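Visitor: Protein chains in written order, with my numbering: chain A, 1 to 423; chain B, 1 to 477.
By construction, these hints were calculated from the structure, which means they are not laboratory data. Computed from a predicted structure; not experimentally measured. Just so you know, even glycine gets a beta-carbon here, dropped at the ideal spot from N, CA and C.
Straight line, CA to CA, 16 Å or less: simulated EDC-like cross-link-like pairs of lysine to aspartate or glutamate:
1) B/K213 / A/D153
2) B/K125 / A/D233
3) B/K127 / B/E101
Simulated coverage check for chain B against chain A, where a stretch passes if three residues somewhere in it have a Cβ under 8 Å from a Cβ of chain A:
4) 178 to 187
5) 345 to 351
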Amino acid sequence: MAATTSSNLANRLNSIVGADRVRAPTDTEARAADAIVEPASIEEICEIVRMCEADRIALAPIGAARSLAGIRRSPVALGISMARLARIVAYEPDDMTIVAESGITVGKLNAAMAGARQRLPVDPCGPGMTTLGSLIGAAHSGPLRLSEGASRDLLIGVRFVGHGGNLVHGGGRVVKNVAGYDLMKLMGGAFGTLGIVTEATFKVRPIPSDYSIAVVPYARAADAFAAACILNDALPLSNLDILSPALAPRFNSTSQFLLLAGVSGSPLEIGCQAGRIRDLVGARGEILSADGALRSYELLRDVDFHSAPLAAQIAVPPASLAQVLEACGNDIEFRAHAGSGVAQIILADEPLAEVAAKTVARWREVARSARGSLRLIAAAPAFRDSLEFFDTPNDGALALMRRLKAAFDPAGIFNPGCFVGGI
Amino acid sequence: MSAIDRKLLDEFREILDADGIVSRATELKVYECDGWTVEKRAPDVLLLPRSTAQLSAILAALHRRGVAFVPRGAGTGLSGGCLSLNAPAMICTSRMNRILEIDFDNRRVEAESGVVNLHVTNAVKSKGYFYAPDPSSQVACTIGGNIAENSGGPHTLKYGVTTNHVLALEVVLPDGEVVELGGPAEERCGYDLVGVVVGAEGTAGIVTRATLKLMREPENHRTLLAAFPDADTATRAVSMIIASGIVPAALEMMDQLIIRAVEDAFNVGLPLDAGAVLIIELEGLEAGLTAYADEVAKTANLAGASSVRLARDEAERALLWKARKRAFGAVGRLAPNYATQDGVVPRTCLPRILRVIADVSRRYDLRIGNVFHAGDGNLHPIILYDEREPDQVRRAIDAGREILKACIEMGGSLTGEHGIGVEKIGEMPLMFSPDDLRVMTELRHVFDPMERSNPGKVIPQPGACVEVAAPRRQAPI
Ligand SMILES: Cc1cc2nc3c(=O)[nH]c(=O)nc-3n(C[C@H](O)[C@H](O)[C@H](O)COP(=O)(O)OP(=O)(O)OC[C@H]3O[C@@H](n4cnc5c(N)ncnc54)[C@H](O)[C@@H]3O)c2cc1C
Ligand SMILES: Cc1cc2nc3c(=O)[nH]c(=O)nc-3n(C[C@H](O)[C@H](O)[C@H](O)COP(=O)(O)OP(=O)(O)OC[C@H]3O[C@@H](n4cnc5c(N)ncnc54)[C@H](O)[C@@H]3O)c2cc1C
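Chain A extracted, bound-state conformation (with noise of 0.2 Å):
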């Protein structure tokens, strides 16, 4: 029976993108996805959303599908890949504005950016991997966050299709724009539940002159966070972030905790800067600059949390991040982004099922009574069905969140089942 409605959906799918656009997943996208089809139009993807509609098939737009492998429970049958639908629409560096498709890698697209040393300054870990389509879906961020903002702040335009097959667009191509709702903002971090981005509109900045990064080694957390609020408070980072020992060799050969804190601007600012770094944290750790500096930084940035056995983000008020991240226990490793309050934190060694629940029953406890909130990243195979993903919202606010899934998704086929409440 499942064979035959797979090998129908196939023949279907074909009739409508062609037998060579049909694929089987790889192996990531296994957990994702039954199948993946490679729309080469909106078109096509308008057409595979109104067959899927009509036949309550499940589908989920797919970027790396790192992050859905992580959050589905069962694959939906099928996986939209946006791979074929990856091309820079407009750039016009003086408006400091790119659009484009939504299969695009934010590395693809800043490369195409470097000429005019601009960049979308949203750096999630492989940015070489991560496409717009994900980066908005999963609200991936990283180390910039702190100087820059996260991808909600700096995407101004967004096409999508939504329920009946339908392209609908928000925003537009101007850094200003008040016209209509902000369809934008519910788009990202929408885990692809809400419909299928197709294209997108970013501001992006320029790309500072000279990058230098301080990394300063710390033998207890309690000391590099307290260091990083002087830090803070004192000069305008470009990124401000902490490294649990594990996870610093990569850097420096001591096993403790380091303290990276990013500068830019033109020579004489980051000459200032340095120095008062080196006055607020004495001569302790070393500053890097010029190619060193990026390539920490691209450490900083790559750190992989999608194959550890258990990895969740935080979030909380910045002040109570080193606090929260001891309360998690002492058996964890954490990237912490210090400025924003955000961090990611990992069990290095593969908890028992049990042990795994308690765990994540913890951190979100201790996520909760900060005012914050916790959302898994990854998890093994063997607990994975365990643990939920995402906190609870409050009941009201869960309530609006159910009234929007039902009028955007009637048919209840994009993504279902994996987002927040079971939506």
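Based on these hints, arrange chain B with the ligands on the given structure of chain A.
Guide: Showing chain B with the ligands alone in chain A's frame:
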């Protein structure tokens, strides 16, 4: 005739003190419009709650009767957002004006929605912090109004608009239910409903409380005044400055008509012979500022500036900003009435759109001044007219519409910060397809299924949008 009958008024009296209910026509006249004065209509009753509980009880009472309402902050809006259109009750937040908590460690402020924008910065500046969105109306406008309109200001170029600075909201839904959206942390689980309510122009219920982000004061700033022979040259300088990789904190332009009006009013020493001036503010570490200021001055000269002046001290800087922020007021002396448009174009289209505006001014025989956020491409053409002359009113409306159409043809927007309100609702179909508008209506219904919160705003009724070309709802003259 009114939906506000004696029984409902009795209910309000149980919720509010007597002075929180205004129902005499003479007193209501003050509330007949906001800064968009082309249309006027007073509500049947004005309610002034002091707390979320009172506000919630009012909305619940209105909900039981199916009566629509319009939220109001300070009434400085420029698009008729709080015009009482098919909404007999107006609910004003002016008495919900307490700053509830200042948390310097986390750079957060929690405030009621009736708090005046500038009061937030005033409350934190002694410790070196500020609240970034700085609309020119900030001495009067409220945080709730800013949230509804997603307001910006001169410093938006660097810091973004209101939505970039709001973390959490308490909202009373149209049926009286109080919901908490977002939280004090930067990330949340679930849909970004805060991001939807910001900019919803009061159509998603009434915001009662907000958690805002604070910014650290920059170490120092440099404020430059560059004069140009004409507007074209000034806008060329804007592009060249941006292209040089320097993003100023603010980059504002005033044309000759505005320069003269401002000089007449405030005598700040703007060059009267200039065709246009740019106010350029740079901020950051002292160590880098002199070099950046030199480079900007060089670029402005290269673009054709006739003079570039650096504000010598804080007093001179304050004077320049006073000139800029009070420009609207100064223009008020030139004509009995003015209408301010708020179109946006991609920065590189500024020279083109300014030529269009000059042409419109000639063809409609109306004076139009320009004072605007040049760095963002956000125009504010100020169209001068006299409301006693029906023909002038019509020309002013048509001229504004023609400018907005040109903005959209250049890939821009109807509004950068003043909102759609009633003013631009007829032009929405120029920017959005029927599918876009239908989805926006669906989104509105998530919060307000009966369309009782600020009805008749933002989204045109399907079918009503056909008549774009004809003069829309005519001004009551
Ligand atoms: C080979 C490889 C190596 C990697 N190495 C690392 C590493 O070392 N460290 C590390 O942390 N990460 C690594 N990654 C992960 C990578 O850096 C990003 O984190 C990841 O690619 C981001 O995409 P995702 O997996 O979250 O995308 P997905 O899970 O595909 O998408 C995220 C969410 O967004 C939604 N979405 C996607 N596209 C759209 C769209 N068009 N419209 C609407 N919603 C959409 C999805 O439905 C999903 O809910 C690697 C990835 C790959 C492929
Ligand atoms: C001289 C002058 C200069 C200006 N300069 C700028 C500028 O630089 N940038 C800019 O962005 N704007 C500017 N404006 C426009 C205006 O000041 C802003 O739109 C401001 O945010 C409106 O705030 P308010 O409190 O006056 O709101 P109101 O005018 O009272 O209301 C505006 C809208 O918000 C809704 N609303 C009000 N309070 C709430 C609430 N608590 N919950 C839900 N909805 C609510 C109303 O229903 C209405 O739709 C200017 C206006 C003037 C007169």
